[in-house]
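Let the hints inform the model, and build the full structure from the sequences given.
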Amino acid sequence: MLRYRDDGNLHKDFHRTTNGTISYLRRTHGREVLDETFRRTARDVYRSIHDDLKAGDWDQLIEHWTYFFDREEGDYTLEHTEDEIRLTVHSCPAIAYLLARQIEVDPDFCRQTEVMNTTWAEGTPFAISTEVLGDGRCVQTIRRNRP
Amino acid sequence: MIPSDHFVRYYNEVFKTLAAMGHEHMEAYWRELGRLQAQELAEAFRAGGIQATYDYWQKILEEENCLGELTLTEDYFEFKMNRCPSLGKVLDNDAAPCHQYCDHCMGWIEPTMDAAGLHVAHDIHSRTEPHCVLRVYADEAKMRDWEATALLPCRPYDDPPAKA
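Chains as they are written, first to last, in our numbering: chain A, 1 to 147; chain B, 1 to 164.
Just so you know, the hints here were simulated from the structure itself, not pulled from any lab data.
The reader is advised that the hints may include incorrect statements.
With the C-beta cut set under 8 Å, the calculated list includes, among others, these residues of chain B facing chain A [stated by the list, open to error]:
hint: 1; residue: Met1
hint: 2; residue: Ser4
hint: 3; residue: Asp5
hint: 4; residue: Tyr10
hint: 5; residue: Val14
hint: 6; residue: Lys16
hint: 7; residue: Tyr29
hint: 8; residue: Asp55
hint: 9; residue: Tyr56
hint: 10; residue: Gln58
hint: 11; residue: Glu62
hint: 12; residue: Glu64
hint: 13; residue: Asn65
Residues from chain B that face chain A, not an exhaustive set, calculated with beta carbons under 8 Å [claimed, not checked]:
hint: 14; residue: Glu13
hint: 15; residue: Glu63
hint: 16; residue: Leu67
Derived pair list, reagent style EDC-like, types lysine to aspartate or glutamate, alpha-carbon separation capped at 20 Å [what the hints assert, rightly or not]:
hint: 17; chain 1: B; residue 1: Lys142; chain 2: B; residue 2: Asp75
hint: 18; chain 1: B; residue 1: Lys80; chain 2: B; residue 2: Asp123
hint: 19; chain 1: B; residue 1: Lys59; chain 2: B; residue 2: Glu40
hint: 20; chain 1: A; residue 1: Lys54; chain 2: A; residue 2: Asp7
hint: 21; chain 1: B; residue 1: Lys80; chain 2: B; residue 2: Glu69
hint: 22; chain 1: B; residue 1: Lys142; chain 2: B; residue 2: Glu74
hint: 23; chain 1: B; residue 1: Lys59; chain 2: A; residue 2: Asp7
hint: 24; chain 1: B; residue 1: Lys59; chain 2: A; residue 2: Glu122
hint: 25; chain 1: A; residue 1: Lys54; chain 2: B; residue 2: Asp94
All C-beta atoms, glycine included, are put in the ideal place defined by N, C-alpha and C.
If you want it as structure tokens, here you go:
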């Protein structure tokens, strides 16, 4: 069950603020400080997702991915096998929002996804990989580790 | 992707990260936000005066799911926030709130209003309850008179607030 299930109006302009924040942190403080903000977010804000993964349950993470991609009208496909779930993002709604407004996407914009996925997998029976393909496309895969 | 719905919880983690490095780093970030927002808004606010600030927050009220009341008088624009969705989400959070979370609002509004030639005061009431009142004046003396009646005036570029 999702810890945060927002409804009501969307304020997609927050993606602009996220992009500006990432750019500021990268330029002013470097990638390590930027990544620390994502690790804190994955560990603390999304504690219940991380706790579920530690317990071997990936359902909340998958629901988180699909609920918010649907809510933001992202274009994706989800493939499910016994040991692996693959989220293929054809068009990331955050990047689509920025590009539609001619806003330069920070080169580290996708660190949010990469670092949060890596952090979520720590101490769990899963591995999560993020393959950034460019232009708002990526593949995120969660695999159950075999003993 | 951090959903746009969850940006403020990420913001809260950014503030805590910067605060742990030193208050001056958080203040520098607010100034950057102010610089960017001033680029977007200051010219419109300067041209349209307090009516333009009313128009801007009318849009924000709806887009950001705020519960609040807007008032426009000859002297000021007032935004009475009855339920701030931003602090509300930060409090409804498995992560701890940044003590100075509310300061980011004046952190960008104050420099933006300075650039627009307007004067702003913000009574945040409490750092742990999601309600506040913001007023924008054309006349600085009138703004100061009102600010003197505030329960908890927010001045983020003054000394950092003591942790309650």
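Each hint tested on the structure:
no.	hint	verdict
1	Met1	holds (5 Å)
2	Ser4	holds (4 Å)
3	Asp5	holds (4 Å)
4	Tyr10	holds (5 Å)
5	Val14	holds (5 Å)
6	Lys16	holds (7 Å)
7	Tyr29	holds (7 Å)
8	Asp55	violated (16 Å)
9	Tyr56	violated (12 Å)
10	Gln58	violated (14 Å)
11	Glu62	holds (7 Å)
12	Glu64	holds (5 Å)
13	Asn65	holds (5 Å)
14	Glu13	holds (4 Å)
15	Glu63	holds (5 Å)
16	Leu67	violated (11 Å)
17	B:Lys142 <-> B:Asp75	holds (8 Å)
18	B:Lys80 <-> B:Asp123	holds (10 Å)
19	B:Lys59 <-> B:Glu40	holds (15 Å)
20	A:Lys54 <-> A:Asp7	violated (28 Å)
21	B:Lys80 <-> B:Glu69	holds (5 Å)
22	B:Lys142 <-> B:Glu74	holds (12 Å)
23	B:Lys59 <-> A:Asp7	holds (18 Å)
24	B:Lys59 <-> A:Glu122	violated (41 Å)
25	A:Lys54 <-> B:Asp94	holds (16 Å)
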